[in-house]
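Work out the full structure: start from the sequences and follow the hints.
Those sequence lines, one after another, are chains A and B.
The first sequence begins at 1 in the UniProt record's numbering and counts up one residue at a time.
The second sequence begins at 1 in the UniProt record's numbering and counts up one residue at a time.
Hints are computed from structural coordinates only; laboratory data are not their basis.
Small disclaimer: the values here were computed from a predicted structure and weren't measured.
Each residue gets a CB set at the ideal place from its N, CA and C atoms; glycine is no exception.
You may find that some hints are simply not true.
Listed next, with one range per pair, are the computed distances between beta-carbon atoms [what the hints assert, rightly or not]:
no.	chain 1	residue 1	chain 2	residue 2	range
1	A	Pro-469	B	Asp-271	45 to 55 angstroms
2	B	Ser-45	A	Gly-483	28 to 38 angstroms
3	A	Asp-464	B	Val-475	32 to 42 angstroms
4	A	Ala-212	B	Asp-422	46 to 56 angstroms
5	A	Gln-481	B	Ala-212	51 to 61 angstroms
6	A	Gly-360	B	Thr-419	35 to 45 angstroms
7	B	Ala-335	A	Ser-242	32 to 42 angstroms
2 protein chains.
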Amino acid sequence: MEFDRRDIRGMDCQSRPGALESPWRETSDVLARPSVKGSHLSATSARITAIDTSDIRFPTSRELDGSDAMNPDPDYSAAYVVLRTDADDGHEGHGFVFTIGRGNDVQVAAIEALRPHLVGRPVDELCADPGSVARDLTGDSQLRWLGPEKGVMHMAIGAVVNAVWDLAAKRRGLPLWRLLAEGDPEWLVSQVDFRYIEDALTPERALELLRAGREGAAARTAALLEHGYPGYTTSPGWLGYSDEKLTRLAEQAVADGFTQIKLKVGADFGDDVRRMRAARAAVGPDVRIAIDANQRWGVAEAVSWVTALAEFDPYWIEEPTSPDDVLGHAAIRKAVAPVRVATGEHVQNRIVFKQLLQAGAIDVLQIDAARVGGVNENLAILLLAAAFDVPVCPHAGGVGLCELVQHLSMFDFVALAGTTEDRAIEYVDHLHEHFTTPVVMRRGHYTAPVAPGFSAQMRPESIDAYRYPDGTFWVADRARQEGGTA
Amino acid sequence: MEFDRRDIRGMDCQSRPGALESPWRETSDVLARPSVKGSHLSATSARITAIDTSDIRFPTSRELDGSDAMNPDPDYSAAYVVLRTDADDGHEGHGFVFTIGRGNDVQVAAIEALRPHLVGRPVDELCADPGSVARDLTGDSQLRWLGPEKGVMHMAIGAVVNAVWDLAAKRRGLPLWRLLAEGDPEWLVSQVDFRYIEDALTPERALELLRAGREGAAARTAALLEHGYPGYTTSPGWLGYSDEKLTRLAEQAVADGFTQIKLKVGADFGDDVRRMRAARAAVGPDVRIAIDANQRWGVAEAVSWVTALAEFDPYWIEEPTSPDDVLGHAAIRKAVAPVRVATGEHVQNRIVFKQLLQAGAIDVLQIDAARVGGVNENLAILLLAAAFDVPVCPHAGGVGLCELVQHLSMFDFVALAGTTEDRAIEYVDHLHEHFTTPVVMRRGHYTAPVAPGFSAQMRPESIDAYRYPDGTFWVADRARQEGGTA
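The structure is reproduced here in structure tokens:
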């Protein structure tokens, strides 16, 4: 029974000297086992039969949606993966890496490099223990060289692992947040790779946190279903928007019930002062205005720039510098207090999040559903945040990131944090129409999903239209351009 | 004149608020300029006409060469790139990413994603200012999302940037180490991207270091040409080797003139004790024995394991834990002193090296020629090491890493560090025969290369044989295996 496993050896064996079952060995075993590599059918149980990928790109740069100091012209894209099985339930596992255009094909190639680890695997086993997949993929010693646990290869692993969770939740008939929130603490701990984080969080401590989280969980689930989870909106704040559009959208955000908005900053100081003044005038003194520099600055520049904007009472400064610079964030936080420091959307893995917490470098931890190694690594990161008592306010937007990450915050509320105070999920009103179960916002809150799965599934007609370069939209678009230049 | 540029605005503009010329804008300009994207020929000057790539793999896993605690069965591989021009000098720029097998195709795809930035560019401009290429590539805002500055995409940039330097050195008729060592300090500083490291190293401080390095440079060049640069060997220490082979190769290393060897550790403690004892017995008390755990441990485990091996006087412990764990390395270093802590072969960029130095986390900094963003980022890292007075002992081995990195250490000796004391380049005697100008070792020293370029060029017949999967070796190999299993 998948929720009754008391066996959590999996998380210890990696750090035991001379362990018999290291994830690396497991990996080569898996690759060696013909039943896994070869046969796609089994008398006893369903297996993964195929991993299909698509390069999906939306022409968002034409409206400057999503424009910021580092990303002037993003074309929101998805390296999309579908796991198919030979089970008669017809369920598929969907997942994706979010990118902003060029290189989405490289990301697709990385997902395809993982195919041999998945095709042929028993579906029941996979869905009962997605952590074993996560360990096999991150543990492939040859692929690991391309990271380790960072960048293109690691995001590809995250997409596949998330697709396994989507499949697992569909087969259980539960939205992912409930599958996780109702999971045994022992099972949840067995899903976490503690390698490289045990100096900050032991499996025993994680178990304590999850056991404590059970108290009042049922009441919180009920509250979530009734009121939803708070969101904040970035829609008014894109750098490419005019002051008039900023003001209009900021007023609209307040009217829609949002109590926090976010502005992009960092390209031009004069513009930032003017935009902050306009935004503050539009929303009044009580609505929080976060600012986001998207890594534009060095340490000294971040300190002077944020200090100069302090008169407009920014709630947090997000990504003031490189996501790799733990010590830089710590120095900035010390200098700009009481303005909070937030980061995470580009933080590569649990090891860097661990250090951001150990160094006291952040006030707000921003997980991203498609940057790290999938649900399992985000479990580790949520546990670290709980252990250090730092609130989690996820990064979202792009394409499908709101759909995915809402499940993780809702699990966090029910099973770990126990509160939504000073917590909110970023919301951007773009491209939701391409998903079969898009997010539903009500009075500035994310409505709790009830459909089984991870809300990761795109509409087939959207995939047919925006598949690059052969989707119907792109074919017509090229025809238009050739017509235009003729 | 390429060596007389006094203009170093390039390094400032990125951090000036509202700078007119940010690398991001430069990038989009480049993409927009049809002359760059389109035309392959120019009346005035030669241009880059093609970027050819190859997926090259050697079956090294069959001999357990290169086997360690994390990499039990590497197949040394190269994602190989050649820049071609329409100049009549016939020079090409060669570069590559070193990988250990699976995923080499993903790495090739990443290199191909960079093609639009290079094809059509004027060769003179490119070779006079490779830093402009490095900035354009790391500054492509859409590709940047796939890192930033880490993993598959960043290593691809490194290969292309290194190929540009190979071309530049060939056109100047100099080995790369001399091209760099004879470059004006102002020009060298203009080749460095100071973004995210200015809190530890300013352009002004870098200029001071390089100007100071000019004193006695001619004498050091002469000494280098006469005596070469010290090496140390890892050949005896692979985990897959028997104790007999370890002992024989360790004795051979001393006979060959090496004063330091390295052993792989971290898989099984009992084995490590036995192998360390055998190695110490073979080389005696005066030869340095470094040990390398290849990231196998967490912090606590690293401390206990290294402490238990201290009786055999290990010179340094290399990669005791994750390359991402700056604070972990600092804690380990404090606990295992006087055993030195070394890392770097998997450190993703200058920003993490900066923090390793700021945190006092390492005694020895190990650059890798093919992990970061090429020569330009390694210049930044060598300058950081000089600023913090930490010796640089490069990682090498694999395929072609010795050939490349010797140039960087020799530049460091002549123009920055001014000494080889406590410095040595790793040497492994594998696969050199596949290069047109392989490294030449004499009495444990790397002989200074005299052939123009970066020593990056593989023999055409090696490429034809080991191109995967269609090279003659791999075709014959599949035929043998089918024969075997028939």
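Could you tell me which of the hints above the structure violates, numbers in ascending order? 7
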